[in-house]
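Undergrad: These protein sequence lines are chains A and B, in that order. Counting from 1, position 136 in the first sequence corresponds to residue 136 in the numbering used here; the numbering is continuous, with no gaps. Counting from 1, position 105 in the second sequence corresponds to residue 105 in the numbering used here; the numbering is continuous, with no gaps.
Incorrect hints may have been included.
Stated by the list, open to error - Here chain B is said to cover these stretches of chain A; the calculated rule only asks that three of the stretch's residues, wherever they fall, bring their Cβ under 8 Å from a Cβ of chain B:
| # | segment |
| --- | --- |
| 1 | 21-31 |
| 2 | 179-186 |
Stated by the list, open to error - Listed below are several chain A residues computed to face chain B (Cβ distance under 7 Å; list not exhaustive):
| # | residue |
| --- | --- |
| 3 | Phe116 |
| 4 | Leu165 |
| 5 | Asp169 |
These are computed hints drawn from the structure, not numbers from a lab. No experiment lies behind these values; they were computed from the predicted model shown. Note that CB positions come from ideal geometry on N, CA and C, so glycine has one too.
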Amino acid sequence: MSARFGRGLLHLAAAVDQPGSLDAGSYVELARLAERGALDFVTLDDSFARPGPDALSVLSRVAPATRRIGLVPTVTTTHTEPFQVQAAVATLDWVSRGRAGWRIDVSTTEGEARLFGRRHAAPAAGLWQEAGEVADVAARLWDSWEDGAEIRDAASGRFLDRARLHHVDFTGTAFSVRGPSTVPRPPQGHPVRVVDATEGPARTVAARYADVALVRAVSPAQAAAARDGLRAQAGEFGRKPDSLRVLASLLVDLGDGEHAAEPGHGGGGPRPTAQGPLYRGGPVDLAELVAGWHADGVTDGFHLVPVEPRRDLERLVNGTVALLQHRGLFRTFYPGSTLREHLGLARPANQYAVTGGTS
Amino acid sequence: MTVRRQVHLAALFPGTEATTGWAGQRADARIAFSSFERLARVAERGLFDFLLLDEGLRLPEHQGRIHDLEPVGWPEPVAVLNALAGVTTRLGLAATVHAGSAEPYELARTIATLDHLSGGRAAWRVGAAPDDRPGENLRPAAHPDRSTRTNELVGVAGGLWSSWTPDGQPRPFAHQGRHFDIAGEFGLPRSPQGQPVVIQAGESEEARESAAASADVFLARHGSPAAARFRYAYVKQRLAAYGRAPEDLKIMPGVTVVLGDTAAEAQERAAGIRRQRITPQYALYALERLWGVDLSGHDPDGPLPGIAPRGRDGETLALVERWRALAEEKGLSSRETVIEASGRQSFVGTPETVAADLHTYVREGAADGFVLVPQLTADGLEEFVDRVVPLLQARGAFRTEYQGGTLRSHLGLPHPVGERRPHRKGNDDMTTEAPDAWKQWHERRVETVSAPYGPLALTATHWVEDYPDGRLPDIPGIWVADDEGVVLTAAGTDGLTVDDRPFTGAVHLAADRGPEATSRVALGDKRLFVLVREGVWGVRVYDPGSAARRAFRGIEATPYDSRWSVPGRYTPYDDTRTVRVGNADGRERGLALTGELAFTLAGKERTLRVAQQADGRLWAVFADATSGDSSFRFRFLYPEAPDAEGRTTVDLNRAQLPPCAFADHFICPFPPPGNTLDVAIDAGERGLS
């Protein structure tokens with residue numbers, strides 16, 4: 001067994017995907033439901049490969065209708081502009097007052113490539129390397145305005161203190177950016193970067209740049225191994241392992257009654273499927289699983305993806321989460337207001353600030 | 001009939017425009033969401049048509065350094081507008097996205113998302129910043145010639161927005177042009193307003209031509225009444241060349257307004273705003289820009305620089321000459337000259353005179369409305385809303401409440417229902433327009449059903465569970481269903497293709513999304529389309545050489561008759577209700593119904609139980625007294641998306657044959673209980689010719 005760092009706070013996130021839905025109200029409703037359970041954040045997946053609305057737009061719409069919950073859309077990096085991706089994520093942080101995250105993903109199919117016609121489909125490894133560069137340049141651009149760069153100094157007539165604005169002069173393998181950003185530094189400094197670290201090439205990006213890594217594990221041993229691996233690799237990149245939260249990502253199907261967990265499910269743990277590990281059973285057994293894995297220190301928490309959005313999220317919040325709260329294992333209210341605060345992650349220092357401090 | 005010309009109003013959130021001042025505001029006033037929320041709420045209280053946000057691609061520089069005297073730093077506009085959609089209900093939401101760098105698919109997708117999420121209130125302002133320098137912060141454009149990029153981009157975006165059929169079926173698109181070579185399927189159905197509003201700007205000949213060709217709103221520079229009237233007439237008369245009516249394009253100059261209780265007070269405030277904005281440092285900056293040299297040692301309170309400007313072009317020399325003359329004549333310092341010569345507000349006066357002036361511009365054909373650029377802070381807009389809007393209303397020149405829910409309805413623009421051209425110009429024109437629109441609809445229908453993979457091409461529907469050995473009649477390969485789809489196993493000799501490549505081995509197939517012509521599996525010309533109904537997996541065979549398609553001679557339809565088009569009102573149920581109904585294949589399946597559509601026909605109030613589709617349109621399966629007699633056994637109807645009050649049009653001229661009228665292998669639901677009308681509807685599609 002590897003060394004444990006003691007049990008940290010439990011973190012819970014849920015997906016609010018509703019394939020094909022264009023109804024803003026239904027997304028607001030699900031996010032509010034998750035917020036009622038005091039979950040850390042909700043995710044909304046996105047891909048040019050299938051129909052549906054732009055995820056960052058949907059969660060921007062949800063932002064003013066919620067107060068505390070973190071909002072994490074998927075934004076892909078293959079056919080998009082790194083400069084505009086970071087501006088959009090920073091803007092989500094502004095409109096949500098510090099609750100934005102960004103789930104980084106790539107577009108691997110030829111079908112997506114044809115929608116843009118700028119390049120052909122490429123192997124995932126190269127695309128993830130580029131995604132890592134986008135994650136990197138995004139953080140530089142978020143830092144390209146120091147806090148307090150906007151001075152509005154009537155005496156000198158200056159709106160900006162340009163000494164506190166920085167060109168990032170980034171040259172990557174597929175793009176270059178001069179900077180600075182057009183958006184002032186977002187409230188969280190860096191919105192939370194989330195990477196699904198299950199696939200090989202994505203794991204390195206997660207270890208290097210992610211604040212939250214998602215891993216698909218069917219057993220506590222598998223989750224522990226993934227977490228240990230990511231933390232060790234983060235260390236190799238010069239990061240403190242505790243600056244990375246690793247959440248186990250599970251599909252959950254809570255449609256089968258209050259307690260009954262099918263053989264091979266529930267108490268037995270999730271079952272592997274083509275879409276990832278699937279838990280099928282009741283909300284109470286799910287609470288047992290969550291509490292058990294977390295108590296053993298194999299995961300910092302869970303990212304739960306309902307199979308049936310409304311039904312399962314409702315059962316998750318009113319059943320599983322309520323039970324975890326009752327046992328004192330999960331927060332009952334949000335002590336902080338930003339997503340970083342929910343996750344227990346510090347607001348990062350600005351890499352360009354000479355003093356290293358923030359105002 | 002004389003229709004009083006209505007004024008349209010919009011607000012621009014202050015961008016880098018030199019009209020904006022900033023002293024004395026909170027430090028995050030430009031970026032905090034609360035600033036945008038406040039402005040949007042004020043604009044909506046003032047019943048404005050829309051709010052426009054600008055996009056920034058780079059920070060402006062001056063003499064090789066970031067320009068620090070003017071407000072910069074602004075959010076990505078589309079995300080902010082989506083958030084604003086949550087705190088407003090009617091206000092139009094317009095985002096600038098620059099044409100020099102946008103990719104059509106992504107652009108069309110984000111604007112269409114905003115349009116759907118806001119219930120039809122989105123607009124795209126086609127930005128054309130001369131200074132956006134792609135390559136500095138953005139990936140280089142595929143083609144270096146940017147002059148033709150804008151037009152191509154606008155055209156492609158419009159094509160994507162209307163790529164789904166009006167009744168909500170996805171269709172593939174393909175475009176190959178100088179700048180873009182793209183193909184696939186757009187991810188979103190048509191929006192609640194048919195298409196997002198397109199706003200173009202610019203004073204160049206190309207910009208005007210481009211606006212006349214395809215824009216809905218033309219953002220112009222403010223000018224004198226005479227100049228504005230000339231431009232207005234000039235642009236409007238261009239529309240005819242594109243088959244458009246003058247009212248299809250709204251011309252709205254960007255203006256600044258300063259109010260006062262008296263004319264003198266207003267002038268004083270206007271001058272005060274200019275003085276506040278043009279600080280000594282800003283005055284030097286303005287001189288440096290004109291002279292083209294470093295003037296950091298120059299005293300802004302002293303006379304204009306004595307040296308000659310670096311630029312020798314006529315425009316620069318003339319402007320320097322004019323400033324010198326002005327300074328000479330009035331004895332002004334450098335700074336006073338800049339204040340006097342630049343940043344003049346468009347309308348300065350009492351609320352009464354400003355309202356009268358604005359109304360005059362619109363009444364006399366110089367503008368259709370105005371985009372207000374707030375002075376100094378958003379407070380300026382509040383004053384306008386409180387003091388000028390009521391006077392415009394009193395003159396009968398501005399709405400007293402929003403009439404519709406979409407931006408198109410605020411602007412009085414037609415809802416584009418057809419493929420490209422709007423068919424409906426407004427109720428007055430229904431008598432001449434509607435029959436033509438119906439003819440086009442009918443032609444499109446014939447085209448659709450007789451397409452190579454249209455409903456006439458369907459030759460079989462096989463349910464995989466009916467064939468335990470996995471061998472479907474007349475189709476090679478082994479087909480086995482599991483929970484998530486169908487597993488197809490085939491050898492090379494079977495001749496099947498998957499994703500248009502010869503196929504050997506095993507592949508897991510999810511349901512094809514359509515259209516049929518793009519199914520993953522094919523056998524020669526035949527497309528094998530995977531579908532799932534209530535958990536049962538099936539494969540459909542579409543054969544362009546089908547007997548039905550060869551025998552097809554047309555759809556028998558009764559020509560348009562206005563008495564079959566009546567207003568309707570949709571009332572949604574609290575929850576979707578699923579009823580079991582028989583299907584054309586003899587099985588019974590659930591039919592989800594979302595509400596009831598009430599209308600009056602032949603002197604009697606009637607209702608149909610309908611399902612609202614993802615694109616907002618309604619879908620009714622109904623029968624009537626002609627069914628099974630002079631018409632097919634039952635028919636489908638797709639009324640337009642109802643507005644906020646549930647209003648829509650029940651146009652039975654567009655009653656259409658269900659797919660099972662064209663081929664035996666469809667599983668159309670029969671009309672649910674209550675959907676058989678006891679009147680003979682001698683309208684719409686009746687049968688096959």
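Undergrad: Each hint needs a verdict: does it hold in this structure or not?
TA: Hint check results:
1. With 4 residues bearing a CB less than 8 Å from a CB of chain B, the segment 21-31 of chain A meets the requirement of three and the coverage assertion stands.
2. For the segment 179-186 of chain A, the stated coverage by chain B holds: 5 residues have a C-beta nearer than 8 Å to a C-beta of that chain, and at least 3 were required.
3. The interface hint given for phenylalanine 116/A holds, since its Cβ lies 6 Å from the closest Cβ of chain B, which is under the 7 Å cut-off.
4. The restraint placing leucine 165/A at the interface with chain B holds, with a minimum CB-CB distance near 5 Å, inside the 7 Å limit.
5. At about 11 Å, the closest approach between the beta carbon of aspartate 169/A and any beta carbon in chain B exceeds 7 Å, and the interface hint on this residue is violated.
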